[in-house]
Each structure stands twice: as structure tokens, then as C-alpha cells.
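In case you want the letters, here they are:
2 protein chains.
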Amino acid sequence: MSERRGHDLGLHRVLEPEGALPQAAQRLDAESEAFDNEIVIDVQTLNIDSASFHQIIGELGRDEDKVAERVCSIVAERGKMQNPVTGSGGMLLGTVKAIGKDYKGPVELKVGQRVASLVSLTLTPLTIDRVIKVHLDADQMDIEGTAYLWPSSPIVAMPDDLPERVALSALDVCGAPAQTARLVAGQKRVLILGAGKSGMLCAASARATLGDQGKVYALDLYDTNLKLLREAGIVDDFRTANARVPTEVLQAVESMTGGELVDVVINTCNVSGTEMSAILPARDRGVVYFFNMATDFSRAALGSEGVGKDVDLLIGNGYAHGHAELTLKMVREFDVVRSRLESLTGEG
Amino acid sequence: MSERRGHDLGLHRVLEPEGALPQAAQRLDAESEAFDNEIVIDVQTLNIDSASFHQIIGELGRDEDKVAERVCSIVAERGKMQNPVTGSGGMLLGTVKAIGKDYKGPVELKVGQRVASLVSLTLTPLTIDRVIKVHLDADQMDIEGTAYLWPSSPIVAMPDDLPERVALSALDVCGAPAQTARLVAGQKRVLILGAGKSGMLCAASARATLGDQGKVYALDLYDTNLKLLREAGIVDDFRTANARVPTEVLQAVESMTGGELVDVVINTCNVSGTEMSAILPARDRGVVYFFNMATDFSRAALGSEGVGKDVDLLIGNGYAHGHAELTLKMVREFDVVRSRLESLTGEG
Numbered sequence: 001m002s003e004r005r006g007h008d009l010g011l012h013r014v015l016e017p018e019g020a021l022p023q024a025a026q027r028l029d030a031e032s033e034a035f036d037n038e039i040v041i042d043v044q045t046l047n048i049d050s051a052s053f054h055q056i057i058g059e060l061g062r063d064e065d066k067v068a069e070r071v072c073s074i075v076a077e078r079g080k081m082q083n084p085v086t087g088s089g090g091m092l093l094g095t096v097k098a099i100g101k102d103y104k105g106p107v108e109l110k111v112g113q114r115v116a117s118l119v120s121l122t123l124t125p126l127t128i129d130r131v132i133k134v135h136l137d138a139d140q141m142d143i144e145g146t147a148y149l150w151p152s153s154p155i156v157a158m159p160d161d162l163p164e165r166v167a168l169s170a171l172d173v174c175g176a177p178a179q180t181a182r183l184v185a186g187q188k189r190v191l192i193l194g195a196g197k198s199g200m201l202c203a204a205s206a207r208a209t210l211g212d213q214g215k216v217y218a219l220d221l222y223d224t225n226l227k228l229l230r231e232a233g234i235v236d237d238f239r240t241a242n243a244r245v246p247t248e249v250l251q252a253v254e255s256m257t258g259g260e261l262v263d264v265v266i267n268t269c270n271v272s273g274t275e276m277s278a279i280l281p282a283r284d285r286g287v288v289y290f291f292n293m294a295t296d297f298s299r300a301a302l303g304s305e306g307v308g309k310d311v312d313l314l315i316g317n318g319y320a321h322g323h324a325e326l327t328l329k330m331v332r333e334f335d336v337v338r339s340r341l342e343s344l345t346g347e348g
Numbered sequence: 001m002s003e004r005r006g007h008d009l010g011l012h013r014v015l016e017p018e019g020a021l022p023q024a025a026q027r028l029d030a031e032s033e034a035f036d037n038e039i040v041i042d043v044q045t046l047n048i049d050s051a052s053f054h055q056i057i058g059e060l061g062r063d064e065d066k067v068a069e070r071v072c073s074i075v076a077e078r079g080k081m082q083n084p085v086t087g088s089g090g091m092l093l094g095t096v097k098a099i100g101k102d103y104k105g106p107v108e109l110k111v112g113q114r115v116a117s118l119v120s121l122t123l124t125p126l127t128i129d130r131v132i133k134v135h136l137d138a139d140q141m142d143i144e145g146t147a148y149l150w151p152s153s154p155i156v157a158m159p160d161d162l163p164e165r166v167a168l169s170a171l172d173v174c175g176a177p178a179q180t181a182r183l184v185a186g187q188k189r190v191l192i193l194g195a196g197k198s199g200m201l202c203a204a205s206a207r208a209t210l211g212d213q214g215k216v217y218a219l220d221l222y223d224t225n226l227k228l229l230r231e232a233g234i235v236d237d238f239r240t241a242n243a244r245v246p247t248e249v250l251q252a253v254e255s256m257t258g259g260e261l262v263d264v265v266i267n268t269c270n271v272s273g274t275e276m277s278a279i280l281p282a283r284d285r286g287v288v289y290f291f292n293m294a295t296d297f298s299r300a301a302l303g304s305e306g307v308g309k310d311v312d313l314l315i316g317n318g319y320a321h322g323h324a325e326l327t328l329k330m331v332r333e334f335d336v337v338r339s340r341l342e343s344l345t346g347e348g
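Residue numbers (the working numbering), protein chains in the order written: chain A, 1 to 348; chain B, 1 to 348.
Some clues are possibly wrong.
Where chains are identical, the list cannot tell them apart; a pair therefore holds if satisfied intra-copy or between any two copies.
[Unchecked claim] Here are the computed lysine to aspartate or glutamate pairs in the DMTMM-like style, where the Cα-Cα straight-line distance is at most 25 Å:
id, residue 1, residue 2
1, Lys329, Asp160
2, Lys329, Glu108
3, Lys104, Glu254
4, Lys101, Asp160
5, Lys97, Asp212
Bear in mind the hints are in silico, worked out from the structure with no lab data behind them.
Model the full assembly from the supplied sequences, consistent with the hints where possible.
Listed below in C-alpha cells is the structure:
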């Protein structure tokens, strides 16, 4: 059998443009058989990035067939699931089908093991053979398909004490709670914008880090999750407001803090136009963390300048050491988070 | 005379969409006479953001008339100079024409004083009456026009020991050198990507902060400025490479450092597709600072995740305390920076 040596960063899968890394590529080769440094995964579930999934639903409506068709056409065209509008992907759940002889990944794996890729679908060569079911409320799609990962791609063995769909849903955003834990350490006031999946996990992470030494505030358009977080003691106070209206958000925050600004703002909204709503409530030399794929770089940079705010603006890196472990810990330790994830994923 | 009270954040100038802040607005009202909390400026020079100016030149060619026409049509349509493709603006130089009775700005000003606005043109109500000259190499346009600023907008009195065009050109990017000084403090290896105006100022700032306690490396497509920076002792070493080809950049950096990654990367490129070239050379838990309006948020977030890099990704905030002072200091202290700015702005 001939050698099929692949590149450490997956360059061997890039079709165009030449020299691009897989994430920046317009098209990946998902048709070629496995290279020697790859692991092959039988894919069972795609967890689509929230901003991407909502963009698709926003365009096509809550129609399972149409959503499935759109995802399949993107994957067929690009060799990967990368929404051309939002630029974002998601992650996948599946079973190890084969391990190349040169594959040296971040964790020990064996054929037949259940795994989730912690690398974005935007750089994962993927083919879809069949769609089984679209879960509109969970941003998930059950499929039959094949994906390939090389050694630099984070991957995790699925935990056996949590429903798989719940674990996958949490792992999809695991960079955010891990980075929240770092950013809020030693701070007094934290604001979580958005109380969806990422927002709940980040709020839990902030609470776990701060204990009773700091206040965790939250804001969302709806109060369902906010009330549950408040009852569970994860957040100290909350308000409902439209995160696209910065002046409304600032007013709501000041009504919680007694007029003070906050040390850290975690923006987990999955809609565009929320940059200034995250920047205005931050104190001088505070930190604003954007875990929202709909964030516009120049709106954040120029918006902050425009109001003379000297704050650190952080792009939500999807990777942080220990991010999977920390996030699953939040799901295990905070019942309300687990039960909300169960209900969102239809496992409740 | 009737009261014309304006909003602290300039909401009184927003035409659409309703409730938006001026930077996010599609259209500003630049036609109404001054409000009581505004300062009125007779505009003489627009300094267009580099990414924006290059996008326009890239589309229309190096034709002064066509560039002028495009800028005028954007300003006429939006009531501000915000390039719809890059989202970015620039800044302006002019003379104080009038000061509203409720204007309480960041510095003491009087009518007739020469000033530069340190707030982006993307939120500055502006009308252009006449274009006098387009300076293609300086990203500048001399005009006759009028602009309005409210109290939260940073503004600076022009220094009298530097040519105005040189000072303006440096002040346009003054957030970057100020933040570079903070980020590199105590670090050992710094990489400056791009050796244009921002890159030179950031390299100077890194050198001023580090002295001989750390290495400053630089990379650009061309070596003109790199050689000058090297001769002046501002950078320790440099390479030429295409910042859009991450693997080429990584190789070039490792050839300078003897195979090591760097602590801080300052991306000052003014082209798109350079996110991964800034991320790959950064060490584990290093910092990547994007002062490049062509940066794509999700490409940075997902790209970093895609290669399993645990680094802090910072959006280049245009504002930092003391940014104007620090940047002018770099121009005064480093002759090579001053002479390059003089030559770029035609003052040499």
C-alpha cells in the first residue's frame, strides 16, 4: 500500500485558494480517502454554530427540509460546513472509524470510540450521505457522513455520564466558559449579555470562579433562562432588554449596579449589532469579551474609539487549555444548566 | 435664540436606523446647524483609514479624481466618511469654527485653534463643499468642509513642533503604538507584521518599551522600511514575506528567532486574510493584537481554534489613554519614523 502523507495543518486537503490554511480555504477536498496522519470519523450529529443556524433559519424559516437542504448544499460545494454569510461552522459527534498510522492526536483514541471534534466544522473535511433529522431548537442535525481530522485538531472522547446530545451542545461553545473563568478572576462585577447556551455556561463559570466575592449580572431579550439562573443563585440580578439597542442596555445595567459600570462584559449574543451594547457598560480599562460570531471587527474597534472607551476588546478564541473539561464540569455542577441543555436538545 | 440640546453620545445626529449610535448608523444628519453641545470644525484635511483608502484605490485605480468622487459620494449619502466595504473611516484636521455653550470636551479649546479629531470619521457628521487635492500616497484628501463633534469624542490640539500633515498621519493610528507599549512590557520577543505607518510606530513603541531587554522582529512584503528600521536599531531583524500566506510567515519568523515562537504579535497589515499569519507565530498563551481594519472576526476566532492555539486575540481599540501624546513622542524620538512619515505625506 502506498504512502499517503498529510500535512500537520491539513494543507493536503485544501483545493483553493492554493497555500491557504483549511479554515480560510474556499473549498476542501473531502472526497479523497484518508491520509496517513488522519483519523476518520463516522459522523452522526452536526452541531451547527448558533449564529450560522439562526442566519439559515432567518432566511428559510423553521422548515427542517429546507434547512437540511441548505446545509447539504454548503457542504457539497465547500467540502466543509462553513456558512458563507456568517463564516462560522460548528462541531460534530461521531465514532472513530479508522486511525492513520501517522496520526498523533491530542488524546488516546481507539476505533469504535465515541468522539466529538472540538475543531470548527469550518476546517473539517466533511461529506454528508444522508440527513436523518434536523433539530431546530438544538441547532443540531443528525446525519450519516464522514469527516477527517489531522493531529493539530482538538478532539475529545465523549463522557459517559451525560447524554451525548447535551455534552455535544455544551462542548460546541466550550472556549467561552473557560475564558470567562480566566477573565473574571479577582473582579467585582461581571455582565453576561445573552442567556442562551453560551450565556448560561459563562454565567455558571463566572459564579464558580467568583463565589460570593463578585456580582454576576445578566441580560437577555427574554426572561425564561434569566429567572432560572437567578433562582439557582448563578446570577445576582438580571434585566430584559434588546442587546441591539446600546443605550437601553446601558440603562438596564446601571439599574442593576446602582449606576456603576462593570469590570468584565461577556457578549454571548448570537445576533449582529451588539458590539456597543457590550462596550458601553464596561468600566475604564475593563475587559469586553466577544463570544459572538456575528461580531463585526471594525464596529467594535471604531465604536470603542468613538465613545473614548479605553477597554480591552477580546475576540472569543474557540480554544483554551482544559476548555472541554471545565465546560462539562459546569454542566455537571449546575443542575439548571444541565436541565436547560437537556430541554434544548430534546433530552429532557 | 432657541435651545438646541444634543445627546452626550451624539444620538441627535442619527437619521437611521432609529436608536442606533452614530457609528452604527447608516446615515447621519450633517446638514443641521450646530447643537449646543457641539464643536464646529472647518475641515481642511481628511486622513482616510488605510484599509479603506486601499480598498477604494484597489477598485478605482490610482486616479485622484475618481477617488475624490467616491469619497464625496459616500459622504453625501451617509453624512459621514464610512467606507461601506471596509466599515472604516479615518480622522480629520481643521480649525475650530465655533464652540457650543454646552460643549465640555476632553481638552480646552478656543475658536481659531488647529485641531485633529481623534474620533473616527465613521461617527463624525461631515459635509464636503469642495475637494482641493487627493494625496494618494498619504491616504489624505485636502477639502473644504464642515464637521461636528460632541463631548465624548476625543480631540487633540495640533502640536506646533511637527508638520501638521505628519502629526495628523501619526495621530490617525495612535491607538496602536499606545497599546503596543502596554502589551510588550516585560516580554522577550515581539513580532510586528507590516512595516507601514502603523507598523513603524508600533515597532518604535515596542523598542522604546523594551530597550535591549527584548527582541523586536518585523515582516513586510517590501524591505524599504524594514531596512531603515533595522539600521536605526528599532528592529533587531526582519524578513520579507507575503502576510497572506501564513505558512510562509511562520517559516520567516522561525528563521529569525531560531525556531522559537514569539510572545506578542502586532498585526498592522492593511489587507485582508492575514489573521492566521498573526496567530501561527504566537507562542502558547501569547497575545495577538489586530490593528488592521481588514481583520475578519470569525476567521481569527475559528482559525485559532482550528490549530489548537490558546492565545489572547485582541481587537485594536482606536482609543487608549495618552495615545496621542505617546504616538507624537515616537515621531519626535525616532528620526527614521519622522522622516518616513514626512516622505509619505509629501512633507519630506
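Contradicted hints - numbers only: 4, 5
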